[in-house]
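Trainee: Construct the complete structure from the given sequences, taking the supplied hints into account.
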Amino acid sequence: LQLIKEQENDQKKRIAAQKKLEKEQLDYQKKITRELKSQKRAISPSHKFNRPVINKSDETEDITESYDVFISHATEDKDSFVRPLAELLRAKGINVWYDEFSLGWGKSLRKTIDYGLANSRFGVVVLSKSFIKKDWTEYELNGLTAREMSGENQVILPIWHEVSK
Numbered sequence: 258l259q260l261i262k263e264q265e266n267d268q269k270k271r272i273a274a275q276k277k278l279e280k281e282q283l284d285y286q287k288k289i290t291r292e293l294k295s296q297k298r299a300i301s302p303s304h305k306f307n308r309p310v311i312n313k314s315d316e317t318e319d320i321t322e323s324y325d326v327f328i329s330h331a332t333e334d335k336d337s338f339v340r341p342l343a344e345l346l347r348a349k350g351i352n353v354w355y356d357e358f359s360l361g362w363g364k365s366l367r368k369t370i371d372y373g374l375a376n377s378r379f380g381v382v383v384l385s386k387s388f389i390k391k392d393w394t395e396y397e398l399n400g401l402t403a404r405e406m407s408g409e410n411q412v413i414l415p416i417w418h419e420v421s422k
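So that you can map any letter, position 119 of the sequence shown is 376 in the working numbering, and since no number is skipped, the others follow by simple counting.
Everything labelled a hint here was simulated from the structure, so no lab data went into it.
Watch out, some of these pointers could steer you wrong.
Below, in silico cross-link-like pairs of lysine-lysine (DSBU-like), each with a Cα-Cα straight-line distance of 30 Å or less [to be verified]: (1) Lys288 x Lys390; (2) Lys270 x Lys280; (3) Lys368 x Lys390; (4) Lys390 x Lys335; (5) Lys364 x Lys349; (6) Lys277 x Lys386; (7) Lys269 x Lys288; (8) Lys276 x Lys262; (9) Lys262 x Lys280.
Simulated DEER-style distance windows between Cβ atoms [unchecked claim]: (10) Glu265 x Ile413: 42 to 50 Å; (11) Met406 x Lys288: 15 to 23 Å; (12) Asn410 x Glu281: 31 to 39 Å; (13) Asn399 x Thr332: 17 to 25 Å; (14) Asn399 x Glu265: 45 to 53 Å; (15) Lys288 x Ser407: 20 to 28 Å; (16) Trp362 x Leu283: 40 to 48 Å; (17) Asp284 x Ser323: 36 to 44 Å; (18) Ser421 x Gln264: 25 to 33 Å; (19) Glu395 x Ile351: 22 to 30 Å; (20) Asp267 x Asn399: 43 to 51 Å; (21) Ala274 x Trp362: 44 to 52 Å; (22) Glu292 x Gln264: 37 to 45 Å; (23) Glu265 x Lys349: 45 to 53 Å.
Note that beta-carbon positions come from the ideal geometry of N, C-alpha and C, so glycine has one too.
Mentor: Set out below in structure tokens:
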């Protein structure tokens, strides 16, 4: 009888812990959604954004003209998810703008990223806890959001990495 009560208590604790985890994940997802909506509101829909035309310069002379996807991610997610994703997409014949493939020594970081953002058909955004904390990822997401707000079809393809949606 004592053993059954202990097992029931353990089961209740596991259920409570699971519910707590699910609530935390839901709260985090709501926070991300609020932040994304806030960024979209910050870009007034009354302004028409022209898709940036970024010409090749000395800093971008060896960049491919266009890409199928631009991968926006936090560095912390690179080893566990992003690099394998980029390599898989590339192996499948998809032309990928990914920092390790596209950034080079002596190149302007900002100009190269701007060129990739402007010349990619889609932006794969790897949303994670680390992603939300970064300035560069916010910059990239703002660029992709501006393209969507300018009337282009869906540009942003979100991937929720280690975050429950």
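Trainee: Against this structure, judge whether each hint is valid.
Mentor: Status of each hint after checking the structure:
Restraint check: the Cα-Cα separation between lysine 288 and lysine 390 comes to about 12 Å, which is no more than 30 Å; the hinted pair holds. Taken as a hint, the lysine 270 and lysine 280 pair is honoured in the structure, with Cα atoms around 15 Å apart against an allowance of 30 Å. The suggested pairing of lysine 368 with lysine 390 holds, with an alpha-carbon distance near 22 Å, which does not exceed 30 Å. Of the pairs offered as hints, the one joining lysine 390 and lysine 335 holds, with about 15 Å between alpha carbons and a cut-off of 30 Å not exceeded.
Straight-line distance between C-alpha atoms of lysine 364 and lysine 349 comes to about 27 Å, which keeps the hinted pair within the 30 Å bound. About 18 Å separates the Cα atoms of lysine 277 and lysine 386, which keeps this hinted pair within 30 Å; it holds. Under the criterion of a C-alpha separation no larger than 30 Å, the hint pairing lysine 269 with lysine 288 is consistent with the structure, at around 28 Å. Of the supplied pair hints, the one linking lysine 276 and lysine 262 holds, its CA atoms being roughly 21 Å apart against a limit of 30 Å.
At most 30 Å may separate the alpha-carbon atoms for a hinted pair to count; lysine 262 and lysine 280 meet this at roughly 27 Å. Checked against the given bound of 42 to 50 Å, the beta carbons of glutamate 265 and isoleucine 413, roughly 47 Å apart, stay inside it. Look at methionine 406 against lysine 288: about 22 Å separates their beta carbons, and that is inside 15 to 23 Å. Taking 31 to 39 Å as the suggested C-beta distance range, the pair asparagine 410 and glutamate 281 conforms, at roughly 34 Å.
For asparagine 399 and threonine 332, the hinted distance range of 17 to 25 Å is satisfied, since their beta carbons lie about 18 Å from each other. Range check, asparagine 399 to glutamate 265: Cβ separation about 52 Å, and the 45 to 53 Å hint holds. In this structure the hint that lysine 288 and serine 407 lie 20 to 28 Å apart at CB holds, the actual value being about 27 Å. The beta-carbon spacing between tryptophan 362 and leucine 283, approximately 44 Å, falls within the hinted interval of 40 to 48 Å.
Checked against the given bound of 36 to 44 Å, the beta carbons of aspartate 284 and serine 323, roughly 39 Å apart, stay inside it. In this structure the hint that serine 421 and glutamine 264 lie 25 to 33 Å apart at CB holds, the actual value being about 28 Å. Checked against the given bound of 22 to 30 Å, the beta carbons of glutamate 395 and isoleucine 351, roughly 25 Å apart, stay inside it. About 48 Å separates the C-beta atoms of aspartate 267 and asparagine 399, a value consistent with the hinted range of 43 to 51 Å.
Taking 44 to 52 Å as the suggested C-beta distance range, the pair alanine 274 and tryptophan 362 conforms, at roughly 48 Å. A C-beta distance of roughly 42 Å is found between glutamate 292 and glutamine 264, which places it inside the suggested range of 37 to 45 Å. The hinted window of 45 to 53 Å between glutamate 265 and lysine 349 holds, with their beta carbons roughly 50 Å apart.
Every hint from the earlier list agrees with this structure, and none is contradicted.
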